[in-house]
Amino acid sequence: MDETQLNFRIAQLNARYARSLDNGLLEEWPEYFSDTCAYRITNRDNHAHGLPGSLVYAKGKGMLIDRVQALRRANIYEAQSYRHVIGVPLIEAAGDEEVRTETPFFVLRTMRTGEFSAFASGVYLDRVAIDRPHHVRLRERVVVCDSSRIDTLLAIPL
Amino acid sequence: MDETQLNFRIAQLNARYARSLDNGLLEEWPEYFSDTCAYRITNRDNHAHGLPGSLVYAKGKGMLIDRVQALRRANIYEAQSYRHVIGVPLIEAAGDEEVRTETPFFVLRTMRTGEFSAFASGVYLDRVAIDRPHHVRLRERVVVCDSSRIDTLLAIPL
Amino acid sequence: MDETQLNFRIAQLNARYARSLDNGLLEEWPEYFSDTCAYRITNRDNHAHGLPGSLVYAKGKGMLIDRVQALRRANIYEAQSYRHVIGVPLIEAAGDEEVRTETPFFVLRTMRTGEFSAFASGVYLDRVAIDRPHHVRLRERVVVCDSSRIDTLLAIPL
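Those sequence lines, one after another, are chains S, F and B.
Position 14 (the first sequence) corresponds to 13 in numbering that gives the first Met the number 0; numbering is contiguous.
Position 42 (the second sequence) corresponds to 41 in numbering that gives the first Met the number 0; numbering is contiguous.
Position 85 (the third sequence) corresponds to 84 in numbering that gives the first Met the number 0; numbering is contiguous.
Think of the hints as simulated: they come from the structure by calculation, not from any bench.
Virtual Cβ for every residue (Gly too), placed ideally from N, Cα, C.
No false leads were mixed into what you were given.
Listed below are several chain B residues computed to face chain S (Cβ distance under 10 Å; list not exhaustive):
| id | residue |
| --- | --- |
| 1 | D1 |
| 2 | Q4 |
| 3 | N6 |
| 4 | Q11 |
| 5 | I85 |
| 6 | F105 |
| 7 | L107 |
| 8 | R111 |
| 9 | F115 |
| 10 | S116 |
| 11 | H133 |
Just the calculated beta-carbon pair ranges, DEER-fashion:
| id | chain 1 | residue 1 | chain 2 | residue 2 | range |
| --- | --- | --- | --- | --- | --- |
| 12 | F | R148 | S | S147 | 27 to 33 Å |
| 13 | B | P132 | F | S147 | 49 to 55 Å |
| 14 | F | A73 | B | E97 | 40 to 46 Å |
| 15 | B | A73 | S | R99 | 32 to 38 Å |
| 16 | S | E97 | F | H48 | 39 to 45 Å |
| 17 | B | E2 | F | K60 | 25 to 31 Å |
| 18 | B | H133 | S | T112 | 45 to 51 Å |
| 19 | B | P51 | F | G23 | 19 to 25 Å |
Interface residues of chain F toward chain S, partial, derived using beta-carbon atoms under 10 Å:
| id | residue |
| --- | --- |
| 20 | R43 |
| 21 | G86 |
| 22 | V87 |
| 23 | L89 |
| 24 | E101 |
| 25 | F105 |
| 26 | V122 |
| 27 | S146 |
| 28 | S147 |
All chains should be modelled from the sequences, with the hints used to inform the complete structure.
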């Protein structure tokens, strides 16, 4: 794969990831990760100062699956929906077997009443594994949120 | 065309589509569709339940042109402007002559007073016709809005 | 470079540009421009009527560097952060040495209190120089803002 194709594959991965979350298909979410993986949500301040303080931390696909089950139990009634708008993946370093990318995102929330609000924005710092030709999965995703206050963080993964 | 090129063509189609709408050049809008085409605006709830309830429905390029003329008569003075932010087209199924894609969008509205508001968000479910090499047009666009309340829907197509 | 690769390069340029601004690394900003360059911020109304009225105007990389220094002196404490969401570059005209593109953007602002607001939206009208194979820089960027009121324009470049 040349860089253009690689970028396309990663953008498609992000598009599928977003669709699963926005359609409420949370059970699909762990499938975008490698078996050996890490997922973390932090904020800009903590990240800039190298602080570990993560709002969410999961290591290994099993923990992602557990997290989805916990979200399912907690959210009996979904009164709102989400829409991810994900930017172009910026390729930082590309190897044969792994790529580091940085991708901005913005999540809009729509309440049943019709009101919109910005739910979250930030950047995905990813290590993307190239499993086999034309197939990519997330080995690590660090979600760096612009805001330090994310009230309803439990509603969906970011 | 390989998948990367195809995706590029579809993204360019969406970019032109958005520019025509955001620049108020509504008369260009039907040109992005095939002669035999369908355009429909619905919402997430109706779509999820398979309900036909469409806010807007047009079949054939003639109806799209009629719709633009009706919008021109209704909107004498445009007090606001729109900005589409369209995501990466997710390629669902690609044939030689037609591609199915799913593409998230977000429309921001700016009032003359300078105030911004989210106008609409959702997903385009498209059947894209590959007319001839490197040329794509919309055969069907179903606009699934996240919100069930779209007050000022008549202002522009989505 | 074919058009797909060219589009990829320009999208990567925009992604790096956005990251520098959103991470507060303003000193990197002039590096995305050619030595002989122009940067201008105007609004939709002025642009549509061919009026020169620019909110910001800089000619040559030296003026961009000056502008960053002025911003550094003015903004002692940064109470907010920004997130650019940049759309797909629409290729208008591609030559061997220069490309004209049009790219929508949206900037979300996050206050330290956690509140989000739309800061700006509009379109970049660019002349992109192809310096050498696979390397692109901005020769001219005209930022056409949707709103005529941009209060805190001095905070960051757009």
